[in-house]
Each structure stands twice: as structure tokens, then as C-alpha cells.
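If you want the building blocks of each chain, they are given just below.
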Amino acid sequence: MTGGAANLKIRDLTVVFGKVVAVRDVSLAAREGETVAIFGANGSGKTTFLKAVAGLVPATRGKVAYRGEDVTSLPAHERAARGMRYVSDRSRVATRMTVLENLEAGAWLLPASRWNAARERVFSLFPALASMSRSPAGVLSGGERQMLILGRALVAEPTLLLMDEPFLGLSREVRDRLLSAIETTLKGRATILLAEHDAEGAYRLLDRHVIFRNGSIVHEGTRSDVADAKELVLLLHRHFRP
Amino acid sequence: MTALLSAEGITKSFGATRVIEGIALSIAPGEPVGLFGPNGSGKTTLVNILSGLLFPDAGTVRFEGKEITRLPIDARYRLGVARTFQIPHPYPALSVHEALRVALAADPGNRSAGEGARGDEEGAIEDLLSRTGLFNQRLVPCALLSQGCLRRLEFARAFACRPKLLILDEVFSALSALDEKELLDLLLAANRDDGTAFLLVSHNPPLLKSLCRRILVLEEGRIVRERRV
Amino acid sequence: MTARFGSLHRLPLVLLIGTAAVFLSTILCVSPGGPALAASLPGTLKIGVLAPLSGPYAAGGTSFVQAATLAVEQANAEGGVSGRRVEIAVGDSQGRVDVAKAEALRLVSREKVSALVGAYLSEETIGVMEVAAAHRTVLIVPVAATAEITDKVRRDHARYRYVFRVGYSLPQWAEMISAFLSDRKVRRYGFVGAGIRWNHELAGTLERMAAAHGITPAYSAFYSAGNPAFDPIAVAAAAASPDIVILGDPGRNSVSFLKRLREVAPALPVLSVGGALGDARLAASIPLSAPVYVQAAAWRGVSPDATAYVERYEQRYGAPPVGYSDTLPYDAVTVLVAAWRTAGSVDSAVVVPVLEFDAFPGVAGTYRFDAAHQARWGAGPGTLHGTFVRWERDGARIVFPPR
Amino acid sequence: MLPSFRGGWPAAGIGLLLLFPLSSPDAFFLDVFTTGFLLAAFAASWDVVGGIAGQVTLGHALPFGAAAYACALLTSLAGWPLPLAVAAAILLAAAVGAGVGTLSAPLSGPFVALLTLALGEIAHEAAAGNTFFSGPGGYAWGGEGGIPVALPWQDAPPFASYYVALCFLCLASFAMLRFSRSGAGLILRAVAGSPITAQASGVPIARFKRLAFTVGSAFAGATGAGFAIHVGRATATDLSLELSFQAATFAAVGGRGTIVGPVVAALVLHVLFQGLSLPPAARVLLYALTLMVTLRFFPGGVVGTVREAAWRVRWKNGTGSFRRRGRGRPGEGGS
Amino acid sequence: MSPLSQVLLDGIFAGGTYALMAAGMALILGVVKVINLSHGAFFTLGAYVAYALAERGIAHPGAAALLSAAIAFAFGVFLGKSFVNPIRSHPFALPVGTLACALLFEQAAQMVWGPHPLSIETGAPWVGPGGLLIRRWGAIAFLSSAALLAGLKGLLATRPGLPLRLIAEDEEIAGSLGMDVEAIRYLTFGGACAMAAAAGALLSPSGAVTPTMGRAPLILSLVVVIVAGMDSIGAIFLLSIGLGILGNACAYLLSPQWSYVALLAAVSLLLAARPAGIVVLAGRSD
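Residue numbers (the working numbering), protein chains in the order written: chain A, 6 to 247; chain B, 27 to 255; chain C, 2 to 404; chain D, 42 to 376; chain E, 48 to 333.
Honestly, the hints are just simulated from the structure, not real lab data.
Quantities reported herein were computed from a predicted structural model and do not represent experimental measurements.
Take these hints with a grain of salt, some might be off.
[Stated by the list, open to error] If you want the footprint, here are the derived chain E segments under chain D, 3+ residues with CB under 8 Å:
1. 126-139
2. 154-163
3. 266-275
4. 301-308
Ideal Cβ positions, reconstructed from N, Cα and C, are used throughout, including at glycine.
Generate the whole structure from the sequences, applying the supplied hints.
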């Protein structure tokens with residue numbers, strides 16, 4: 006485990022759905038401002054793990070502590086109030102609400118006085134959203150939706166970002182745009198857990214990485230363990246194909 | 027050689043937005059074709075029209091020379107046009123075995139054969155189960171299946187009608203490498219051994235290049251390029 | 002092994018046994034005679050009272066039981082029947098024929114009642130008739146007015162001779178209304194009622210009878226309970242400018258309709274054929290800009306008996322009876338008890354002839370039954386004839402028949 | 042193991058019900074049970090449409106009442122012999138079901154419920170508000186008084202009614218169970234589970250929805266005719282929304298899509314609340330409370346919840362925990 | 048005054064009554080995703096509260112509406128929190144459960160106030176232009192439903208209404224953004240019940256107050272809500288008014304007995320004519 010004061014501590018987290026053990030005894034800690042990439046095949050439990058940390062699915066066993074407080078029994082909205090944000094995949098925008106309303110929903114917990122500034126910050130990061138702010142989110146393209154979802158998290162000025170495959174199915178161009186937005190606004194300021202397939206995209210952000218298989222962590226490494234994204238891909242390849 | 031599936035002048039609007047406009051394409055028997063396009067380019071709408079889930083505002087779709095423009099999806103399946111969904115919608119309370127029985131029951135050849143065909147049906151199901159690697163899961167209710175298994179079930183369901191044309195909507199996205207490889211092999215084997223043509227929709231160019239002989243590129247509701255590999 | 006044996010797929014075997022049992026027991030139970038009457042029980046005598054006590058008809062059913070309760074108390078105060086106390090056993094018919102039949106069976110076979118009084122709705126009553134006939138139990142019908150009841154008695158007297166109706170038949174209602182309209186110098190009337198068979202038949206009968214007095218219908222409408230469109234009916238009724246509007250078989254809907262009508266035509270008189278508009282609690286909120294008449298079986302002041310009954314009822318239940326569905330059940334029980342006393346027995350075979358030939362005084366008048374076991378109307382004092390009252394701010398005033 | 046007793050319980054239940062009349066209960070109890078059997082068959086027929094095929098109908102009283110009225114009219118007015126009238130009534134109910142199924146096939150979700158509710162209410166209004174027919178007595182038939190059924194017997198012994206109704210219930214629920222487990226039943230369960238996937242598997246869903254309505258309505262019609270014969274009369278209540286709701290209620294409490302669940306729920310609830318002769322207010326209050334408490338703790342219905350629990354127990358340890366079996370019927374494994 | 052124009056005007060008012068009920072049901076259907084068959088019972092509750100107040104000399108519909116809304120809100124929150132929320136995942140259990148709740152209430156009302164119809168004085172109608180009568184209750188129903196629906200529309204368009212719309216679309220996301228979904232659900236349930244009770248209190252003088260009075264308006268508002276859906280408040284209002292006018296015109300021009308059938312037939316035709324707008328996949332392009 007990397008040194009320093011861990012502000013997110015997860016111990017022996019286990020999630021069982023009916024007969025399926027989706028996440029099995031996962032322990033993970035992250036320091037303030039650290040980005041941890043979570044790799045794993047589909048169905049390896051990444052999404053369930055992030056949702057359990059966010060409080061969106063109940064943990065069967067284990068403990069989640071954030072900033073020294075045990076939040077295991079808190080519901081999702083109370084964890085959100087403590088600065089956690091779960092960034093879902095792009096299908097989860099409210100299509101019948103406008104872009105602006107989607108952002109406003111993201112700023113639900115933010116004092117009204119800070120809303121204008123937060124909104125302008127997102128619009129300056131993603132000018133495409135500014136120009137479509139009055140349109141229903143249903144007309145956005147996939148890339149724009151992902152920008153909206155990220156923007157919806159950024160307006161709330163989160164301190165812990167749980168990102169679930171944010172670059173899935175995006176063109177390289179959109180992905181780079183999102184990456185630079187994360188780098189300029191959050192990198193080093195917020196703790197980020199990033200579940201990804203795309204090793205290349207994730208490599209730009211990560212400080213550490215873990216690999217999930219069958220709901221457990223099978224490998225942990227730091228950025229310095231791999232020289233570049235290509236090497237990371239090779240590493241993942243080894244773990245995905247036993 | 028006559029085209030297996032051909033479409034001409036396909037146009038579709040939702041309300042005021044025109045999603046696809048004047049698309050023409052044709053697929054030869056046994057031909058592997060790719061369809062590439064960014065999100066929102068109308069890929070899914072086109073697939074829905076070709077598979078019979080939606081009907082176009084204008085244009086015609088033909089299959090083996092017969093017009094099927096307004097033939098619903100279930101009738102097209104019985105003709106041999108099968109499709110898979112990007113997000114599987116399983117029957118929660120049915121087992122894998124039962125889900126495949128449903129697909130086989132719809133096969134006219136199977137149905138008219140009557141009770142005598144029960145053994146054949148079992149044989150066909152076992153064949154599908156072993157080809158897709160679902161044999162061990164055959165009694166599990168679909169609601170308890172993992173994503174990878176659901177995707178395999180989609181394949182098994184599509185193969186149940188012994189399709190002449192498979193329309194595959196983003197089947198390889200978000201899959202583990204193992205799942206992906208097995209399903210790819212399955213698809214290629216069907217193409218090689220049974221001469222099954224397929225239209226593979228994906229936003230993964232390397233994948234398309236490795237599988238398809240021809241790739242159609244869709245942008246803003248039109249086919250803007252056609253690349254031969 | 003177990004999965005094979007008990008599975009529902011082996012049901013045919015069970016069914017085979019079941020079918021055999023059906024035949025066996027059918028043979029077994031056809032042979033013994035009908036159920037015996039429990040008339041010989043010592044101590045108390047029981048009267049079964051059937052009325053809807055839950056659901057949309059609970060208002061009428063509750064009053065029904067209240068009236069019957071008073072009658073039994075009165076009978077016991079007068080010494081019961083040959084020294085035996087009388088009790089009532091209540092069955093909730095829920096407004097459904099199947100439930101009414103089942104409850105009638107319960108009262109007969111389990112409560113061992115000696116006679117039945119009820120039920121409230123026509124369909125319930127016809128169902129209960131069958132139970133009464135099968136078990137040879139006297140049934141007194143106070144409310145249900147359908148002609149089918151008396152017609153059955155007339156056609157198959159041997160089977161249905163146990164059924165007597167103290168409630169009014171449609172021709173009796175119509176006759177009375179015609180006389181009243183004639184007395185009020187009405188030439189054209191409007192008829193509005195819920196779209197049920199009773200109202201359709203009353204409207205038809207009334208049209209025939211009123212024609213003899215030279216009175217014609219100007220408007221008639223039947224509304225649906227699902228969407229009682231009272232506004233258009235009120236507007237249309239007012240536009241037809243009749244001299245009076247008659248409300249047939251009105252429950253709570255009559256109140257709503259009256260309010261609608263009074264908004265459009267404040268000066269148009271209204272006659273309610275029994276029902277909720279006889280309720281004094283409601284009368285306070287009824288707009289009285291024009292006369293509101295209510296036809297009742299009896300009212301305070303019609304006779305000493307009636308006055309005494311109304312006062313007792315009001316004292317007990319906090320409001321006077323509405324004059325029809327909570328008056329006739331009282332008479333039904335009174336008639337029954339009187340017949341028992343005369344017969345000196347509760348055995349149906351003895352009681353039925355007594356009911357057929359004797360006269361029985363009640364609150365609404367004296368009851369004599371005709372060949373179809375319908376209570377006959379008469380003209381003289383003490384006979385049955387019904388009453389019309391008019392609501393005033395300080396209470397109702399009897400306006401017909403003229404004294 | 043619990044699952045191995047699964048099939049034994051219905052047999053034991055039927056045995057008890059066969060034995061019950063021999064314990065000399067009174068006529069009222071037999072009548073309550075007889076009506077209970079008919080209601081149970083009706084609830085099961087609802088389940089064919091609303092549970093197996095997932096087409097939640099609120100107009101199921103329509104085929105029930107249509108058959109009851111047909112039975113009454115054909116025997117009383119047309120003078121048909123009873124068996125012929127019953128057969129015609131069942132055919133009519135099936136035809137009504139096919140019609141309703143055709144109309145509602147393009148719809149989904151609450152729209153099916155709404156359309157069937159509307160059709161049922163229209164029929165109820167037509168039956169309750171009109172006196173179409175004149176009986177031999179010179180007064181009108183129809184309306185709230187209903188129409189009598191001319192029966193070749195008078196005052197059927199309660200024992201006979203009881204056994205006939207029980208027999209009918211067993212046969213009908215057996216037939217419906219067989220139907221639900223047949224190929225067509227499997228396809229209907231697929232349509233209920235996911236219409237899109239069923240369609241993409243080559244199932245013409247409109248035709249199968251119509252089939253479900255037709256079969257369910259035929260059974261409802263048989264029950265309706267039986268009910269009219271038992272009561273001696275077809276009344277507007279036979280077409281009422283309350284009756285449709287009652288069937289849906291039994292299915293919700295017993296477990297939708299299980300056939301057995303609605304039958305058991307109908308029998309238990311009806312016999313409990315009609316047979317105990319509680320005071321009316323207590324009966325309604327207890328009935329409502331029982332429903333609410335049952336649904337609160339068994340929201341999938343009693344049989345449905347138990348079955349689901351058994352399901353999860355069986356596959357507790359993932360996909361590898363059951364033995365490889367031969368060509369057994371899926372979903373019927375004993376361990 | 049021409050009778051037909053009076054009938055049509057009354058039809059608009061009658062439609063206002065349906066809209067008043069439908070507004071709350073639509074809110075529950077959208078946010079809690081439940082078809083609430085106990086809505087009519089809350090309407091009845093409001094009417095009884097108004098009667099009880101009038102009996103004590105406080106015959107002010109506004110006061111009755113406020114008091115009954117408060118009572119209904121409390122009951123609604125209780126019902127939403129301890130009955131509806133826990134079994135929401137079984138959508139079929141809820142219509143039956145809420146129906147049972149309605150039966151429970153009807154019986155309780157019958158035990159408290161008796162089964163007999165009760166009545167409150169209506170008050171005289173206003174005479175409008177051209178001799179048209181403006182019925183007091185009708186105007187109240189129309190104006191309050193218009194105000195209620197406009198308020199609802201306004202609420203949904205502003206920041207406090209955001210959670211309602213987001214929950215209607217995607218509850219999980221609403222939770223992850225810091226909205227207390229469970230609480231918002233039962234508060235919405237309570238609020239909608241309060242609306243029904245206020246409607247009952249306002250309309251109580253128009254007819255008779257009985258335990259089962261909520262049944263008829265329930266069915267018609269159910270029809271409105273299912274056809275119009277929660278998406279468009281305007282559609283609810285227009286459909287309600289349309290049904291009101293249609294019902295009245297049919298009763299006046301054809302036969303009152305068939306007005307209910309005409310309404311249902313119109314709705315059936317509407318469904319048959321455009322099931323395509325309702326089928327799941329149509330219209331989803333992505």
C-alpha cells in the first residue's frame with residue numbers, strides 16, 4: 006500500500022447478489038488527490054465495486070471509510086453530501102431534461118451562490134454543452150452525453166470521483182477532451198477511482214492501478230511499474246487471459 | 027450473384043429530426059460486412075430498420091429478392107434474418123434452455139415436424155448450448171446470468187434459426203477478452219462453415235478490419251464511404 | 002422418487018378418485034329429505050335479516066337493519082311470541098346475489114332462523130327467494146320492487162308460497178304518483194333516475210297510469226353511476242319546462258342532482274320517490290327555492306302508530322327514518338310476528354295460510370296480501386296507500402293524501 | 042428436502058377437500074366452498090392472461106359475464122338444453138377473449154389494463170342499464186335483476202354442487218397448468234418476460250397475446266357459466282370491475298404466473314372471509330388489512346415468493362452447483 | 048342562455064374535476080411509479096373533513112382544504128413510507144395494495160360518519176355573460192385544477208422540482224447526486240394525497256358525501272393519467288377538459304346513460320389509433 010494519509014479506506018468489501026458474489030473481500034485505500042485505475046474484464050465486479058463505494062448497492066460485508074468517517078451504512082445521497090460523486094456510463098443522462106437542468110441536478114447540494122460559477126466553469130471546459138444548454142439532453146451525441154455526465158459531477162466540486170468506464174465507446178478525440186478536462190480540474194485535487202477498459206486513456210490519469218478478476222483484486226501496481234500505455238496493455242492482457 | 031439483403035432509399039425521421047436519409051446497401055450471401063459510425067450517426071436506427079423492429083418512412087428492403095420492408099422482426103427471423111441487441115433483454119423467469127426452446131419453436135421447420143421433432147429440438151438446443159459455451163448454465167434462470175453469459179445467449183438465440191444473415195449490434199463491446207475471443211471464433215466458424223452472412227455494427231475499426239471484407243461508414247444518417255479490406 | 006409421485010402431473014389419478022367420490026356422494030345426498038326446520042328450538046325465535054351492510058348500498062342496508070331491530074324490540078316488549086323472545090340474526094348481502102344466497106343459507110342452516118326478512122336489491126331478493134323456497138322458510142320482502150318476485154309466486158304457488166311482499170309494487174308506486182300529480186294540477190312531468198331496471202319500469206308504468214289523468218311526460222333521462230352527467234340532465238330537464246321533475250329510486254345521487262337542477266331551474270318543483278331525500282339530516286342543505294316532495298310509506302303524523310315509530314326511531318338513531326326503506330322492514334317484522342302469534346307456531350305450513358288470509362296492522366297501514374302475495378292497497382283509513390311530504394325549513398309537512 | 046414435497050401438497054389438499062363434505066358441514070359452508078372453487082378457477086384463468094402472458098387485464102369479468110349471460114339467455118329464452126348452452130357460452134367467451142386480445146395486442150403495460158377496463162365497463166353498463174329482453178312474465182329481463190338460468194333441476198343438493206365445482210376446479214386448473222407448461226405456455230412466459238426478445242426470436246407476439254386472451258377467456262367463460270348455474274341467474278355483477286379486481290387481487294396475493302398461487306389465495310381468502318361470518322365491518326377491515334400485510338411481506342405473492350426463494354437456494358453457489366442431468370424438464374430438478 | 052352552450056360550459060367544469068384528481072395521480076405515477084388506487088379515498092377524506100367542519104359552523108372551503116390537506120399529507124407520508132416504498136419493486140402488488148387501502152378507508156369512514164349520505168349547502172351559482180350559469184363548485188374545480196397544474200408545471204420547471212423529474216427518469220443517478228430518493232418519494236406521495244384531499248374538500252358541497260364517493264372520479268382520472276402520462280401537464284389538463292366536454296355533450300345530445308360508455312369508448316379508440324406512440328422501442332434512436 007502506498008504511504009501517506011489514505012482518505013478513502015475500503016476494507017474487505019463484499020457484495021452478493023442472490024447467488025452471485027460480485028465483489029469478494031476487496032480492500033483498497035487511496036490518498037488525497039490520488040488516481041487509482043481499476044482494470045478488469047466485463048463482469049469482474051468493477052462496476053459493482055464502485056457502486057458499493059458510492060452507496061448505490063448495499064455492501065454485504067466490509068467497511069468503507071471516507072475522511073476518517075465510516076460511511077458503510079450511509080445511503081448514497083449522504084455519501085454524495087460528503088463529496089463523493091459516481092460518474093456513470095453515458096446512457097444515464099436524463100434525456101427529457103435540458104442540458105442545463107441536468108447540470109443543475111448535479112449541483113443539487115451546492116449552495117445556490119456557487120452555482121453560477123460552477124456552471125460557467127463546466128461550460129468553459131465543454132463549450133459544446135454551453136451552446137446546447139437549452140436543448141433536451143436526449144438530442145446529445147454519445148460524446149456530448151459523456152461530457153454532460155462528467156460536467157454534472159464537476160459542478161458539485163467533488164472530492165472523490167468514482168468513474169465507471171467514462172471513455173467506453175468514445176472516439177479518441179472526445180476521450181482526449183474529457184481527459185484534459187479531468188486533468189485541469191481534478192487531478193491532484195480530488196481522489197479518483199477510475200474503472201476502465203481503455204488502458205491507453207487511463208494511463209494518462211493513473212497513479213496506481215489494480216486489476217479485478219472474479220470480484221477480487223489479483224494485481225496491484227504503481228505508475229512506475231509500467232513504462233507506458235503499451236506496457237500496461239500487455240500487462241492487462243496477461244491478466245485477462247489466464 | 028444476387029444480393030442476400032438489399033436496401034434502397036431508406037429514410038427515417040423521429041419527429042422533426044431526420045435520423046437516416048436515403049441509405050442504400052446490399053449484402054451478398056455469406057458476406058461479412060461491417061458498419062462503422064460514431065455515436066448518433068443512426069447506426070442503431072438502420073439496424074432496427076434492417077431487422078424489422080422499425081419500419082422506414084421511405085425506401086425498400088429486400089431479402090433474397092423478396093420485398094420485406096414492412097415485415098415485422100419475428101417474420102424476418104423465421105426467414106433467416108436474426109439480430110442481437112446491444113443491451114440484452116433476457117426473459118427473467120426462463121432458463122437458458124427454455125429461452126432457446128422459444129427461439130426454436132418459432133422455426134417453421136421445427137414446428138411443423140410435430141412431436142417427432144422433440145428429439146431434434148433437444149439436439150439442436152444441446153448443439154447451441156455447447157457452441158456458445160452455455161451448457162453448464164442451461165438450467166439457470168436468465169435473471170441470474172452474468173453479462174457475458176447473456177451475450178452468449180444472444181448469440182445462441184440468433185443461431186437458433188440457422189440464419190442466413192446475422193445482424194450484430196455492438197456485440198463485442200464491453201466483453202472480457204475470453205468472451206470476446208470465443209464469440210468471434212463462433213461467428214467466424216458460422217461464416218466459414220454455414221456461409222452465414224453478417225452485418226457487424228461496431229465503433230472499433232481494428233475489429234471490423236479483422237472480420238469484415240467490406241466496411242460501410244455511416245455519418246449523420248448517410249453512408250459516406252465504403253472500404254474494402 | 003418423491004418428485005415423481007406427488008407432482009401435479011400425476012393429478013389425473015387424483016381426479017379419477019375425485020370423480021368417483023362425486024358420483025358416490027351425489028347418490029348419498031340426494032336420498033335424504035330436505036332440511037328440517039328448526040322451529041322446535043326452545044327459548045328464542047330467530048328472524049334472519051338480509052341487507053347490504055358494506056359497499057355502496059350500505060346506507061340503505063344499515064337503516065333496514067335498524068328498523069328491523071326496533072320491530073323486534075317492540076315485539077318483545079309486547080310479550081314476544083307465545084312467551085318466547087324474538088331475536089334477529091343479520092346477514093350482509095353485499096349487494097351481490099351469490100353472497101345474498103350464501104348468507105340466506107347461513108341464516109337458515111346455521112342460525113336456524115324461523116323466517117327471513119330481506120333483501121334490499123332486486124337481484125339479491127330473487128336469489129334469496131330460491132333459498133326460502135328450497136328450505137320452506139317464510140320470506141317477507143320489504144323493499145325490492147321487481148315484478149319478478151310476485152310473478153314467481155303467482156306462477157308457482159306451491160314452491161314460492163313462502164314469499165310475501167310488504168314493499169310496494171311498481172303499479173302501486175305509479176298509481177300513487179299519478180294521483181299526486183293530478184292533485185297538484187301537473188300536466189307535464191320530467192322523469193330522471195339511475196339507469197337501472199327498476200327506474201325504466203317505473204317510468205314506463207307511470208307513463209301509462211298518468212295518461213289516464215291526462216298527464217304526459219315532457220322529459221325523461223336515466224343516468225349512469227360511472228359518470229352521472231347531472232349538469233346536462235339538469236339543463237335538458239329545465240329546458241323541457243315540465244311542471245315537476247320526478248326522481249326515481251334515488252340514493253345519494255339524488256342529492257347531487259337536486260343541487261345541479263336547482264342551480265339551473267330554481268323554481269322547478271321536485272318529487273323524490275323515496276330514498277335519501279327523505280333524510281332529515283340532508284334536508285337542511287337542500288335548496289328549497291321550490292317545493293321538494295318526498296314519497297314515503299309512512300311519515301310522522303300519518304297515524305298514531307306511525308308517529309310513535311318515527312319518534313322511537315329518532316330517539317334511538319338520532320334522526321327520523323326516511324319513510325320507506327327504513328319503515329317497511331319494521332312492518333315486515335311486525336307482520337311476521339303477528340302471523341306467528343295468530344298461528345301459534347312458527348311452522349311455515351301453518352304461518353303461510355295465516356299470512357294469506359289475515360290482515361296485519363303496521364306503521365304504513367294494514368297489510369292484506371293478494372294472490373301473488375303482494376300487499377294490497379286500499380282507499381279507506383287504515384289501509385296501505387303511501388304518503389307525500391314537502392320539505393320546509395323547519396321540517397316536513399304532509400301534503401298528500403289530503404285529509 | 043422441501044422441494045421434494047412440492048407436488049404432494051396439492052394432492053393432500055384435494056384429498057382434504059374431497060373429504061370435507063363427509064364431515065357433515067352445514068349447507069352454508071358447502072355453498073361458500075362451492076363459490077370459492079368457482080372464484081379460484083376464475084382467478085386461475087386470470088392468471089393465464091395476466092400472469093403467464095403478462096397481459097394485466099382489468100376486464101376479465103367480460104368473458105365471465107358474457108358466458109353467464111349467454112348461458113342464461115340460451116336456456117331461458119331460447120330454450121336450449123343446458124350442456125349445449127354451456128358449450129355455446131364457453132365458445133362465446135373464447136370469441137370475446139379473442140376480440141379483446143386482438144384489440145389489446147398492440148398495447149403494452151398499463152394501456153392493456155386501461156383498454157380491458159374500458160371494455161369491461163362498457164359491457165357492464167350495457168348489462169346493468171338495459172332491459173333488452175322480456176321474460177314470459179310480461180316484465181322485462183336484464184338490468185340489475187339479471188336473467189335467470191333455466192335449470193333442469195331444482196334446488197341442487199349442496200353436496201352435488203360442491204363436488205361438481207371442486208371437480209371443475211381441479212380439471213380446469215390442471216388444464217391451465219398443462220397449458221402454462223406447454224410449448225405455447227413457454228412462449229407466453231417469454232412474451233411476458235421480454236416481448237422484444239421474444240419477437241426477435243421469431244415469436245409473432247400479437248398472435249400469442251391473442252391466444253392467451255382466448256384461452257384465459259374460455260376458462261373464465263366456463264367458470265362464468267358454472268357460476269350462473271350455481272347462483273341460478275346471470276346478473277350485472279358478473280361483468281363488474283369489482284369481479285375483475287377480485288381475480289387480480291387473488292393473483293397478486295397468491296403469486297402471478299403460478300396458477301396454483303391464485304387458486305390457493307382465492308380459496309383461502311374467500312372461505313376465510315365469507316365462511317367465518319364475521320360482522321360486516323370487521324370483515325372488510327380484516328380483508329383489507331390481510332391484503333396489505335400479505336403484500337407488504339410477500340410482494341411477489343405467497344407462492345411466487347416461496348418459489349423464488351427455492352430458486353435462489355438451489356443455485357446458491359453459482360452455476361456449477363447442480364448435477365448434470367439427462368433430458369429432464371428444465372426447472373424441475375430434484376436434488 | 049342556450050342549453051347547449053350551458054352544457055358545454057358545464058363540461059369544462061366537469062373536466063376540471065377530473066384534472067384535479069389526475070394531477071396528483073400523475074405525480075405519483077411519475078415519481079413513485081405506482082398506480083395509486085387509494086387516491087379516491089383521499090378525495091373522500093377531504094369531503095368528510097369539510098363536512099365535519101361545516102357541521103361545527105366553519106363552512107369555509109379554503110379552511111377545509113387546508114386542514115384536510117394536512118391530514119392527508121400525514122397519512123400519505125405514512126402510507127408512502129411504510130407500505131408503498133418497501134414494495135415498489137413489485138409493481139403488480141401496488142395497485143392491489145392501494146385498493147385494499149381504499150377499502151380500509153371506506154369502511155373506516157362508514158364506521159365514523161355512518162353510511163348515510165351527508166350534504167353541505169352548495170351556494171347559489173353566479174350568472175355570467177349571456178345568462179350562462181357559472182356553477183360555484185365548477186368554477187372552484189376549474190380554477191383550482193388550473194392553478195394546481197400550473198403550479199405543478201412551474202414546480203417541475205424550477206430548481207426544487209428537479210429531483211422529481213430526475214427521479215422520474217433515473218432514480219439511481221438522483222441518489223448519486225445527493226438527492227434522498229426515498230424521502231422524496233414518500234413526500235411526493237403525501238403531497239399528491241394532500242392534493243386529492245384538498246380537491247375533495249373544495250368539491251364536497253357539489254354533491255353528497257358518502258364513504259364510496261371517491262370511486263367514480265378515481266376511474267376517470269385513472270383513464271386521464273394513463274393516457275396522458277406524467278410528461279405533459281398540459282396534456283392532462285386538455286384531456287380532462289376534453290373528456291368533460293365529451294361526456295356532457297354526449298349526455299345532452301345522445302343519452303345520459305351512455306355518457307360513461309362514450310368516454311370509455313373514446314379512450315379505447317384513442318389507444319387503438321395510436322399504440323405506436325406507446326410501444327417501447329419506437330422513437331429510441333440511440
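Check whether three or more residues of the stretch 154-163 of chain E sit with their beta carbon closer than 8 Å to a beta carbon of chain D. holds (count 4)
**Asked** Counting residues of the stretch 266-275 of chain E that have a beta-carbon nearer than 8 Å to any beta-carbon of chain D, does the count reach 3?
**Response** holds (count 5)
Tell me whether the statement that chain D covers the stretch 301-308 of chain E is true, taking a Cβ distance below 8 Å and needing three residues at minimum.
holds (count 4)
Report holds or violated for chain D covering the stretch 126-139 of chain E, Cβ cut-off 8 Å, minimum 3 residues. holds (count 6)
When the structure is compared with the earlier hints, no violation turns up for any of them.
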